[in-house]
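Participant: Here is what each chain is made of, one letter per residue.
Protein chains: 4
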Amino acid sequence: MALTARPSASAPDISIYDRRESQVRSYSRSMPRQFNRAEGVWLHDGNGGRYLDFLSGCSSLNYGHNHPELKQVLIDYISSDGITHGLDMHTDAKAEFLGALEDVILRPRGLDYRAMFTGPTGTNAVEAAIKLARKVTGRELILAFTNGFHGMTLGALACTGNAGKRGGAGIPLSHVSHEAFDGYYGPDVDTAALLEQRLSDPSSGLDAPAAILVETVQGEGGLNAASPEWLRKIAAIAKKHGALMIVDDIQAGCGRTGNFFSFEGMGFTPDIVTMAKSLSGMGLPFALTLIRPELDVWSPGEHNGTFRGNNHAFVTATKAIRHFWADEAFKSDIARRGALLEKRLDRMAKEHGLSTRGRGMMRGIDVGSGEIASTITSACFDKGLIIETSGAHDEIVKVLAPLTIEDSVLESGLDILEHAIRAALSPAYGVAA
Amino acid sequence: MALTARPSASAPDISIYDRRESQVRSYSRSMPRQFNRAEGVWLHDGNGGRYLDFLSGCSSLNYGHNHPELKQVLIDYISSDGITHGLDMHTDAKAEFLGALEDVILRPRGLDYRAMFTGPTGTNAVEAAIKLARKVTGRELILAFTNGFHGMTLGALACTGNAGKRGGAGIPLSHVSHEAFDGYYGPDVDTAALLEQRLSDPSSGLDAPAAILVETVQGEGGLNAASPEWLRKIAAIAKKHGALMIVDDIQAGCGRTGNFFSFEGMGFTPDIVTMAKSLSGMGLPFALTLIRPELDVWSPGEHNGTFRGNNHAFVTATKAIRHFWADEAFKSDIARRGALLEKRLDRMAKEHGLSTRGRGMMRGIDVGSGEIASTITSACFDKGLIIETSGAHDEIVKVLAPLTIEDSVLESGLDILEHAIRAALSPAYGVAA
Amino acid sequence: MALTARPSASAPDISIYDRRESQVRSYSRSMPRQFNRAEGVWLHDGNGGRYLDFLSGCSSLNYGHNHPELKQVLIDYISSDGITHGLDMHTDAKAEFLGALEDVILRPRGLDYRAMFTGPTGTNAVEAAIKLARKVTGRELILAFTNGFHGMTLGALACTGNAGKRGGAGIPLSHVSHEAFDGYYGPDVDTAALLEQRLSDPSSGLDAPAAILVETVQGEGGLNAASPEWLRKIAAIAKKHGALMIVDDIQAGCGRTGNFFSFEGMGFTPDIVTMAKSLSGMGLPFALTLIRPELDVWSPGEHNGTFRGNNHAFVTATKAIRHFWADEAFKSDIARRGALLEKRLDRMAKEHGLSTRGRGMMRGIDVGSGEIASTITSACFDKGLIIETSGAHDEIVKVLAPLTIEDSVLESGLDILEHAIRAALSPAYGVAA
Amino acid sequence: MALTARPSASAPDISIYDRRESQVRSYSRSMPRQFNRAEGVWLHDGNGGRYLDFLSGCSSLNYGHNHPELKQVLIDYISSDGITHGLDMHTDAKAEFLGALEDVILRPRGLDYRAMFTGPTGTNAVEAAIKLARKVTGRELILAFTNGFHGMTLGALACTGNAGKRGGAGIPLSHVSHEAFDGYYGPDVDTAALLEQRLSDPSSGLDAPAAILVETVQGEGGLNAASPEWLRKIAAIAKKHGALMIVDDIQAGCGRTGNFFSFEGMGFTPDIVTMAKSLSGMGLPFALTLIRPELDVWSPGEHNGTFRGNNHAFVTATKAIRHFWADEAFKSDIARRGALLEKRLDRMAKEHGLSTRGRGMMRGIDVGSGEIASTITSACFDKGLIIETSGAHDEIVKVLAPLTIEDSVLESGLDILEHAIRAALSPAYGVAA
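Chains as they are written, first to last, in full-length UniProt numbering: chain A, 1 to 433; chain B, 1 to 433; chain C, 1 to 433; chain D, 1 to 433.
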């Protein structure tokens with residue numbers, strides 16, 4: 001596989017979308033191509049164009065597109081008439097997934113969780129988590145954080161910080177308070193202490209919470225990475241005040257920050273963990289809410305959904321877990337690539353007096369404004385690199401390359417990015433380039 | 001393919017579920033088997049058991065399990081590295097789906113809708129629909145109906161009638177009023193008139209609604225089928241009072257009641273239609289919110305989701321639409337099978353003084369109580385027939401066979417059901433049988 | 001005291017109101033006079049005008065303006081430096097009020113209530129009642145009724161039916177469902193049965209209520225009088241479903257319908273009763289929430305308010321109770337006057353093919369539209385009669401004369417009304433008159 | 001009038017309260033006396049006891065009990081059959097009040113407000129204010145503050161910080177966010193800047209507010225006095241973000257902090273001001289919402305209430321305004337007494353290493369815990385001094401003496417307090433005393 005991105009020169013006919021797809025579509029606007037094929041880190045359009053994917057389905061494709069081993073088990077499964085849709089019946093595919101989860105993920109990490117298969121979307125996993133927290137505690141308030149993103153259905157949307165998304169609700173979003181994330185008020189303000197003060201004050205107006213819902217690295221909110229120390233404080237605050245701690249690991253989990261879970265090795269254990277995105281390994285819809293057994297107080301069917309337990313996803317997820325997580329090799333690869341990414345982004349930041357964000361293979365660079373960021377990502381696209389933005393003002397150019405990317409390909413993509421940033425921030429260079 | 005169901009004698013080891021799956025699981029409790037393979041109307045377990053499926057994934061498998069043509073296009077697509085996950089980018093698979101939707105479904109029916117690909121679950125399609133209705137109208141109240149079922153995420157759950165499901169929310173469910181469905185107060189009360197009176201009364205306490213959200217046949221709520229006359233009145237009321245009419249066609253659509261949409265030929269056009277379940281044709285997670293173009297006021301990305309636009313589902317849905325809906329043959333089959341089903345259920349009802357419910361291939365029989373219904377469905381399962389219940393008290397035994405079922409196989413399943421009802425309601429028979 | 005109303009010919013200078021009083025003022029718009037003195041049934045303006053008061057402060061002046069005995073005890077109390085403001089401290093005035101309430105009102109009626117002195121407004125009494133019902137039951141939903149009116153603060157406003165008032169909230173009003181009042185759907189529909197059906201149906205979408213809040217006669221909502229039979233059904237429904245029954249007796253209580261409480265002799269006992277308006281006897285701000293002792297689970301100060309327990313009002317209320325309610329004479333007067341009022345309104349209704357509403361001395365006539373009603377009340381005002389409207393469309397001309405009105409004065413006021421109706425509805429007559 | 005407090009030795013029979021008054025009563029528990037008479041700073045019980053009042057009806061009696069001039073105008077008014085209850089009709093009493101408000105209060109201060117006469121309670125004035133802010137802005141969120149207290153009806157209660165009060169709601173309190181008051185996080189954290197950061201961040205999760213609702217000195221919340229600088233920042237933040245600034249001056253207004261309004265001379269003008277408590281001058285129920293004319297967008301009657309515009313209170317309020325605020329004498333008295341109070345409290349604080357709170361004649365001392373504070377106030381009561389606590393833990397002993405108190409009487413009351421503190425905090429002294 002060559003290392004060279006090769007964008008198409010011209011856009012295809014996309015009138016069918018104008019005619020029949022809702023205005024709500026978004027990514028297709030900044031990428032006016034029609035894609036037909038993908039493998040590994042590459043997306044292909046129908047005009048011979050090839051694009052290096054530094055977006056990875058917003059971290060849904062941590063193992064790349066159509067990984068051959070995952071693809072094969074899925075084809076085999078379909079060919080043999082494996083159960084495709086089985087509601088929440090027992091199936092071989094589910095049993096094997098649960099076995100892999102237990103053997104490869106939970107037991108070696110000393111974790112004891114039960115899996116709740118929610119509808120196969122991240123937002124559904126979050127809805128289930130906050131429902132359960134409310135049921136367990138008998139309280140209604142969820143504490144979420146500034147710049148947090150948790151989904152678009154009403155319960156999850158109330159936990160999301162973004163005003164544009166929130167405005168879509170059409171009703172006031174209630175029962176959630178947004179607290180300041182780690183570092184939100186600058187390095188000198190311990191936002192955990194601010195929260196603790198109000199929770200301990202019976203006259204603060206902050207009601208006792210059912211749960212604290214947190215991302216360890218805020219994917220949509222600007223790649224803000226919380227420190228382990230702050231997260232431990234938050235876990236301790238939750239425990240002290242009788243609230244559950246929910247880690248939303250939908251974007252940061254499945255290896256993106258270096259381990260299967262983003263909170264590993266930090267010295268605390270969440271009560272509930274939500275997963276989705278890269279969980280199936282192949283980009284299939286799949287979501288999971290992990291629950292400490294003593295909190296699993298659901299009645300049968302109290303939360304359900306037609307597509308809970310996507311059997312195709314069980315098959316690929318099982319393979320992904322056993323293939324990538326049975327030994328230390330993949331973690332070691334991520335660590336090396338993450339360090340490479342960090343080094344390159346730091347260099348770009350230093351060159352232009354910018355700052356970087358993130359952790360592991362989930363990193364970005366703050367280019368100062370959404371306009372500049374958009375200039376940069378457009379220039380990248382024109383060179384065949386798919387890369388997107390994040391943050392309150394879309395001012396963070398984020399790199400979410402597949403974790404399986406070859407180091408050299410990662411470098412070549414970062415070269416494109418480096419040039420685009422230079423062109424955007426050093427106009428003279430831009431003209432010359 | 002033989003006509004005989006052949007249940008397994010013994011249950012498999014399911015300890016992994018006790019250990020690792022949440023208590024929330026439900027169907028697996030009444031079907032203590034582990035399934036591994038399915039084709040057409042048959043589910044197979046690992047012990048040689050074969051089960052006739054009158055549940056069809058709650059109407060998600062209208063074309064049966066693993067339909068060979070759908071299966072083949074999916075295998076071909078995967079084999080050729082077709083895009084699996086593409087956020088909402090343009091893909092060949094999406095363009096083809098939109099084309100099929102336009103050519104085969106919308107244009108011949110004189111319908112003009114735009115497709116919004118929400119997260120691939122019914123509840124997400126409903127959340128998007130009510131968000132949009134609130135945005136378009138600037139109002140907050142949704143009118144839903146007694147016994148309505150619309151999903152488990154907070155916005156959709158507020159529209160759902162079932163107290164057990166609602167109780168799981170952990171917070172008061174607001175911004176929705178549940179009105180009496182057609183026939184709810186008996187045949188002599190025109191519930192549309194009751195609604196109209198309160199909406200026209202500025203002192204009724206019923207706020208002006210953003211939308212009226214209705215199922216034409218209530219799948220989970222007891223297979224109550226609204227009359228076309230009543231639905232036309234509801235559509236007229238919505239129009240008169242500036243509200244949108246949303247038909248939730250998630251369970252009743254895709255042919256279940258005889259046509260692609262359940263509201264066809266009734267003399268009104270919904271403003272918004274939600275679809276999911278059988279839309280992919282193969283049971284893959286997929287959902288769609290159809291919107292009249294003039295109501296498509298979304299901002300880009302205002303509602304989104306990682307798995308919106310499941311490309312595998314685009315492929316199978318396109319094939320399903322072109323295969324089943326390009327001519328009248330399939331509709332004719334459904335009509336014949338629906339009539340057969342009606343006749344057989346009427347006979348059972350008459351024998352025991354019971355009543356039937358439903359329309360098309362979405363019918364059931366009210367056996368009087370959830371206990372009796374459970375006795376019946378258990379007896380069916382023991383004979384190799386998977387059949388489930390519906391209704392406020394689970395008192396309706398519902399038949400949701402694949403629409404593709406051979407007439408003779410349908411009859412053989414109904415034979416099992418007929419015997420089980422007789423055994424449950426005529427104890428002497430039961431002993432003798 | 002003469003019987004003749006004597007309106008002023010011209011309006012006074014009211015520029016100070018334009019300059020310094022909010023646009024929210026309402027009654028002063030239809031009565032462009034400035035009043036300075038009042039006694040019994042008469043209001044006086046500064047220009048020598050005298051107005052017969054058929055509004056009575058919306059039933060806050062059941063014993064007329066400045067009743068001499070009430071006036072005297074208040075002057076004596078103030079003169080002797082009686083406690084004016086004492087928060088909820090024990091005071092002689094409060095002890096005497098509680099004694100009178102116990103001796104004259106509760107004990108003879110076999111009622112056992114505790115008095116909660118809320119802030120001195122009806123809305124506050126309602127807020128306290130629904131708070132307590134929610135606390136006692138652990139539920140959130142209040143069932144109120146079409147055309148109900150319970151106050152303007154957010155909790156009470158949510159229970160109020162009027163769209164104009166509700167619109168002022170600026171936020172969605174939640175946690176309340178408005179059910180159809182007695183007769184709302186016509187004489188043939190038993191609205192209690194409709195409610196019972198939905199409450200007994202676990203899939204109706206109507207959550208289990210904390211309380212049913214009802215007026216026996218809807219003062220603002222059109223003088224709709226519930227039948228004793230219907231109210232007994234509602235009381236039975238509340239009991240069956242574990243909800244409290246709250247009678248809002250703010251407008252209908254204190255003799256307005258013939259007895260001290262409007263629900264006397266109907267065969268049920270409310271769990272909570274709210275009172276205000278005429279409770280002080282003299283129009284002073286005063287409100288009371290009566291609670292069955294076993295439901296009095298308040299913590300000290302859990303609901304409070306600076307002006308709870310208005311001591312001036314204790315003094316006049318004590319006198320009013322002992323003066324009017326110690327024997328049967330007053331009740332007998334109300335019965336006679338109510339019959340007279342009924343007879344006269346029936347005659348007017350018959351003359352014009354209209355219908356009447358109400359009970360006791362709380363009656364009105366439906367003149368068909370708010371425009372006609374406004375024409376009538378304006379004409380009355382021009383003749384020196386203050387009379388107002390009620391109902392969803394302000395289409396009910398309501399007579400809320402002081403209960404102490406002389407029969408002949410009542411007749412003279414009704415003469416004015418009769419002529420005004422005739423003028424409005426028989427234009428020829430109007431021209432001639 | 002002697003300076004000596006003279007408590008009664010024994011408690012009266014209070015069985016009527018146990019039998020007939022709700023458990024919600026509070027102050028009467030710590031003051032087991034029955035009061036019958038009051039004048040100036042003194043409360044009398046029926047057993048010859050006399051109590052110096054450092055509570056003043058929680059600042060409702062700033063001019064003392066039954067001030068002779070106020071008393072006299074009220075007796076004269078009642079004697080002449082002045083209008084007692086007139087809904088919102090024009091009355092002489094109202095016109096005179098508006099005139100005094102304009103002449104003596106607004107015009108000299110260069111303020112332009114319209115008066116909205118809400119139901120005569122502080123909570124109702126707050127409800128009206130936040131309703132109007134929501135109507136004007138079309139937004140729903142109110143920003144209130146930690147330790148804020150605004151009333152007990154649902155709208156105002158949602159703005160109140162106290163968990164015990166909030167818990168009484170029985171439903172989740174929504175549409176309000178509690179921000180950190182001035183100094184809440186210690187002297188080094190600028191809480192206005194924290195708020196500004198989140199309001200300016202479109203991804204903070206803090207929605208755009210309709211209003212910022214603030215007390216300049218938090219009466220119930222611990223006598224925390226905001227600095228003028230901080231209040232100016234809050235006013236600027238409100239303006240910048242399109243929100244109204246509402247000053248709740250119910251407890252701090254009417255002279256308590258030195259001027260008629262607590263915010264005078266601070267360099268900003270609130271959009272809305274709420275008043276109640278001492279507004280009538282004599283402790284009569286009375287409340288007022290002052291509105292900048294351009295924000296007075298109410299429809300007639302959109303917010304109303306039976307007792308809005310208490311005419312007795314108009315009479316006494318008019319007299320109070322003209323008597324106390326027509327010249328500088330009273331302000332000068334308050335300033336002197338406030339300084340005296342400050343000096344004495346500082347001395348007590350210094351003696352025991354404690355801190356003081358508040359401003360003007362609204363000051364207190366933090367004695368470290370509610371238990372100690374309760375010991376102190378009980379000891380004071382035994383010496384004939386009525387004094388109460390404030391703060392999240394009731395740890396602040398607060399002095400709310402009538403503003404009209406003689407300096408020497410103030411000193412004598414403070415002597416009692418000083419000894420009680422010493423006894424509580426220096427046990428050895430306590431034994432000896």
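No lab work stands behind these hints: they were computed from the structure. Among the hints, a few may not be true.
[Claimed, not checked] Taking CB as the label site, the calculated pair distances span:
no.	chain 1	residue 1	chain 2	residue 2	range
1	B	Asn-47	A	Arg-322	21 to 27 Å
2	D	Ala-208	C	Glu-418	52 to 58 Å
3	D	Gly-164	A	Arg-347	55 to 61 Å
4	A	Glu-371	C	Ser-30	55 to 61 Å
5	B	Ile-14	A	Arg-322	19 to 25 Å
6	C	Glu-69	D	Ala-9	55 to 61 Å
7	A	Arg-322	B	Gln-72	44 to 50 Å
8	D	Leu-340	A	Lys-239	20 to 26 Å
9	C	Ile-75	D	Gly-164	39 to 45 Å
10	A	Asp-103	B	Asp-407	25 to 31 Å
11	A	His-323	B	Ile-14	22 to 28 Å
12	D	Ser-80	C	Ala-339	33 to 39 Å
13	A	Arg-322	B	Ser-355	49 to 55 Å
[Unchecked claim] Only pairs whose alpha carbons sit at most 20 Å apart, straight line, appear in this in silico SDA-like list of lysine to any residue:
no.	chain 1	residue 1	chain 2	residue 2
14	A	Lys-135	B	Ala-208
15	A	Lys-135	D	Gly-167
16	C	Lys-71	D	Asp-81
17	C	Lys-350	C	Glu-406
18	C	Lys-135	B	Gly-167
19	C	Lys-71	D	Arg-37
20	D	Lys-71	C	Lys-135
21	D	Lys-239	D	Glu-264
22	C	Lys-135	A	Lys-240
23	B	Lys-71	A	Arg-37
24	D	Lys-350	D	Asp-415
25	D	Lys-135	B	Gly-167
26	B	Lys-135	D	Arg-37
27	D	Lys-135	C	Gln-23
28	D	Lys-135	C	Ser-26
29	C	Lys-331	C	Lys-239
30	A	Lys-240	D	Glu-264
31	A	Lys-135	C	Asp-296
Backbone N, C-alpha and C define an ideal beta-carbon position, used for all residues, glycine too.
Participant: Each hint: holds or not?
Facilitator: Taking the hints in turn, this is what the structure says about them:
1. For the hinted restraint 21 to 27 Å between B:Asn-47 and A:Arg-322, the CB-CB distance of approximately 25 Å keeps it satisfied.
2. At roughly 56 Å, the beta-carbon separation of D:Ala-208 and C:Glu-418 lies within the given 52 to 58 Å, and the hint holds.
3. Look at D:Gly-164 against A:Arg-347: about 57 Å separates their beta carbons, and that is inside 55 to 61 Å.
4. For the pair A:Glu-371 and C:Ser-30, the supplied restraint of 55 to 61 Å holds, since their beta-carbon distance comes to about 58 Å.
5. Distance hint check for B:Ile-14 and A:Arg-322: the Cβ-Cβ separation is about 21 Å, which falls inside the suggested range of 19 to 25 Å.
6. Between C:Glu-69 and D:Ala-9 the C-beta distance comes to about 37 Å, which lies outside the given range of 55 to 61 Å.
7. At roughly 28 Å, the beta-carbon separation of A:Arg-322 and B:Gln-72 lies outside the given 44 to 50 Å, and the hint is violated.
8. Between D:Leu-340 and A:Lys-239 the C-beta distance comes to about 49 Å, which lies outside the given range of 20 to 26 Å.
9. Checked against the given bound of 39 to 45 Å, the beta carbons of C:Ile-75 and D:Gly-164, roughly 40 Å apart, stay inside it.
10. At about 47 Å, the beta-carbon gap between A:Asp-103 and B:Asp-407 misses the expected band of 25 to 31 Å.
11. Separated by about 26 Å at the C-beta atoms, A:His-323 and B:Ile-14 satisfy the suggested range of 22 to 28 Å.
12. Here the CB-CB span from D:Ser-80 to C:Ala-339 is close to 36 Å, well matched to the stated 33 to 39 Å.
13. Between A:Arg-322 and B:Ser-355 the CB atoms are about 53 Å apart, so this pair conforms to the stated range of 49 to 55 Å.
14. For the hint pairing A:Lys-135 with B:Ala-208, the CA-to-CA distance comes to about 32 Å; that exceeds 20 Å, so the pair is violated.
15. With a C-alpha separation of about 18 Å, the suggested pairing of A:Lys-135 with D:Gly-167 holds against the 20 Å cut-off.
16. The straight-line distance between the Cα atoms of C:Lys-71 and D:Asp-81 is roughly 9 Å, inside the 20 Å bound, and the hint therefore holds.
17. Between C:Lys-350 and C:Glu-406 the alpha-carbon distance is near 25 Å, which puts this suggested pair outside the 20 Å criterion.
18. For the hint pairing C:Lys-135 with B:Gly-167, the CA-to-CA distance comes to about 18 Å; that is within 20 Å, so the pair holds.
19. At roughly 19 Å between alpha-carbon atoms, C:Lys-71 and D:Arg-37 fall within 20 Å of each other, so this suggested pair holds.
20. Straight-line distance between C-alpha atoms of D:Lys-71 and C:Lys-135 comes to about 41 Å, which puts the hinted pair past the 20 Å bound.
21. Taking the CA atoms of D:Lys-239 and D:Glu-264, the gap is about 18 Å. The hint holds against a cut of 20 Å.
22. Of the supplied pair hints, the one linking C:Lys-135 and A:Lys-240 is violated, its CA atoms being roughly 26 Å apart against a limit of 20 Å.
23. Of the pairs offered as hints, the one joining B:Lys-71 and A:Arg-37 holds, with about 19 Å between alpha carbons and a cut-off of 20 Å not exceeded.
24. For the suggested pair D:Lys-350 and D:Asp-415, the alpha carbons sit about 15 Å apart, so the restraint of at most 20 Å is met.
25. At most 20 Å may separate the alpha-carbon atoms for a hinted pair to count; D:Lys-135 and B:Gly-167 exceed this at roughly 33 Å.
26. With a C-alpha separation of about 60 Å, the suggested pairing of B:Lys-135 with D:Arg-37 is violated against the 20 Å cut-off.
27. Under the criterion of a C-alpha separation no larger than 20 Å, the hint pairing D:Lys-135 with C:Gln-23 is consistent with the structure, at around 14 Å.
28. Proposed proximity of D:Lys-135 and C:Ser-26 is supported: the alpha carbons are some 18 Å apart, at most 20 Å.
29. With a C-alpha separation of about 31 Å, the suggested pairing of C:Lys-331 with C:Lys-239 is violated against the 20 Å cut-off.
30. With a CA separation close to 43 Å, the supplied pair A:Lys-240 and D:Glu-264 exceeds the 20 Å bound.
31. Proposed proximity of A:Lys-135 and C:Asp-296 is contradicted: the alpha carbons are some 28 Å apart, above 20 Å.
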